[in-house]
Amino acid sequence: MNLLASIRRIPLTFRIPAMVALLMIVISAIISERVLSRLYETQRQHMAAVAGTYLDGLSMALVPAVLRGDIWETYDILDRTRSTYGALAPLETIVTGRDGRVLASSHPKSVAPLAELPEEYADRAPGQDGMKIDWDKRTGFGKRELVYQGRTVGAIHASFDISHLIAERREVLNTLLATNAVLATAFAVVGYLLARRMVQPVKTLADHMRSGTSATLLPIAVEEFPSREGEFAELFHGFNALVEAERERSALTLKLAEEEKLASLGRLASSMAHEINNPLGGLFNCIDTLKRHGQDEAVRQASLSLLERGLTGIRDVVRAALATYRPDRSGRALTLQDLDDVQLLVGPEIARRQQTLNWERCPDTPSLAALSGVAVRQALLNLVLNASAAAGDGGKVAVQSRVDPETCALVLSVGDNGPGLSNHALEVLVATEPAPASRIGNGLGLWMVRKMVDEAGGFIKVGTSDIAGALVEVHLPLKNPLEVNNAA
Amino acid sequence: MLPLQAAWAFNEVPANSGTLRFGLTPVFLSNDLEVLDELKMYLSNATGYDVQLVTQRTYQEVTALLVAGNLEAAWICGYPYRKFQDELALVATPEWRGKPLYQSYLIVGANRGATSFEDCRGDIHAFSDPDSNSGYLVTKAYLAERGLSEDAFFRKTFFTYGHRNVIRAVASGLANSGSVDGYVWEVMKTIEPELVSQTRVLVKSEWYGFPPIAAPARLTGTPLFERVRSAFLQMASDTLGRSLLNRLQLDGFVDAPPSTFDGIAANIELVRRLG
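In order, the protein sequences belong to chains B and F. Once you know that position 110 of the first sequence is 110 in our numbering, the rest is easy, because the numbers rise by one and skip nothing. Heads up: take any position in the second sequence, counting from 1, add 488, and you land on our numbering.
Hints were generated in silico from the structure; no laboratory data involved. Among the clues, some could well be false.
For lysine-lysine, the following BS3-like pairs were computed, each having C-alpha atoms within a straight-line distance of at most 25 Å [said to hold, decoys possible]:
#	chain 1	residue 1	chain 2	residue 2
1	B	LYS451	B	LYS261
2	F	LYS571	F	LYS587
3	B	LYS109	F	LYS571
4	B	LYS261	B	LYS291
5	B	LYS109	F	LYS644
In this text the structure is predicted, and so the values were computed from the model without any measurement.
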């Protein structure tokens, strides 16, 4: 199973040529087997025919000598025919008499007259054509009965050198192997090229999709389209349409986010205008008092003190607003000041709704440098504004920032005494795969919170607050996870 | 020689007075056609007759033709000459190494460890011809003297009808030992050393009369007989004759007395008595 799985992991571009080559090897094995077995048969028949001629010629000459049991005459005939049948290459020829004993052989030193027929001849019962081939010993054996007047008077046993047949077979086998190897290689190469060509569009598509996960999704350029119209061209067109739609959605989301930002800015601005406007009346009164009773030292001191406090309040609000919306500071790290600024920014809104804000800030924290100041600020602002809206007039909002030493995370929790989070809001905050921004409609503020948390590698917990409403806890890691593990 | 050719030679040779029919046994190198050509040419030149060489496979056939008068002369073995002494006359006897004598050799394979004749007991033995002195009679007489027949002493014997064939049979291993003409063995040692070197001489016999040229006894004293006789005796003084003697490695032909063949006669007698 593992082997099968690992085979399946091999790219198509290699699997197809490998399969083609394998197929070629199987086919060539079958063809080679057929060719060789046909060749064996042909060689056998040829051998039998040639040996038959040799034995027939010999038997005609030998019958009179064998009939007389003439050792010399028999040997003389064998010795003389050895040179005339040179092409056949008889290794050894043995003539036996009526009693089955050797009368003479072409090599008397190995097979002497009157000896028993050597076992290697006696054991080999030749086939129907009088021929038996022993490929292992590179020898062919032939036997011919010597018949005179219908009676067997002896027999010729001959062994032939078949090295040339074996050499021919080896040559044919080598030719087959070489040809088939060349063919298999050629087919594999062609298969590889074809497969690569066919798979190329898939690879292009896969590359584009992969790049889309890490960076912006790009449409496939026209040059990369397959040359012919077909399934792949359609697929590419479809992919490009998808990319286009996704891009439009992203653009829309950005636009909506920007609009939301501006809307919250508008709300804040009006709150701030109110906040600034409230003390302005008092400040103008102070100026009037100074104009009329400026010479009175006590009055002057009291008015100036009043003016100073009023202007300080205005300056802090304006400074916090500036810090939030100055684009040139977007890259800086989070500081505790940012969290204080949020308190300041929501102050007017809280006051307008006559709500109670319970703000608990952690006394001090380790470095917050891992977190983006602008993003966290905006997210906290959104959460608090959301809680404020949910709490309603005269409601309660509780904000707490602390450091969880166990996970080494900054925890921002925002609670209210409102009716709790809607399903829609829950989905945006804690669902594994939140719906894209374009489909959010309202609640874009929470979507931006979720986006910030995801980007910072943190998570969101949702529960019920001490004051009976919703509680949203944002956990933001202060170090990268590896360092945390090491610390633990 | 093929039997058909021999038959042709036998049937077609006319018996007219101008033709010399000369028979040859395989006693010498009958396979050397050049020797035959030179012999024919020399005899034609020396006798003035139209010479017809007649070769047969066995000694017996040649002897029979000679005795029957179908040949004017023949080179036969001393054994048939003494067997048919009354019907045959000596023409001339070859001289080899200074004597009209030769030996019979008992040969074995070159690598064989045998040291005496007794070691050949149970052999497959090759004889040359039943009418050959050196290739049969000598060995048979040796055994007869010891109260043995060749079939009792040897496991098996066969005739090869040629001294060269005896050497081939022993060299190839077909026979374990063989009886061969010592002269032929020595001559062939120089002509076919690779064949002869596969054999070695185990026993050499006494000296016997060299196979002679014989003619039917009735021709004795006729001009034909005399011309043939002088042709052989004068061979050494003729250029072509010397070339022929050179090929045969003989010194010449001499007029040896019939007593030269007494040794063979004694063997014939021994075999008749004891064999």
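Hint by hint, work out which the structure violates, then give me just those numbers in ascending order.
As far as the earlier hints go, 3, 4 are violated by this structure, in ascending order.
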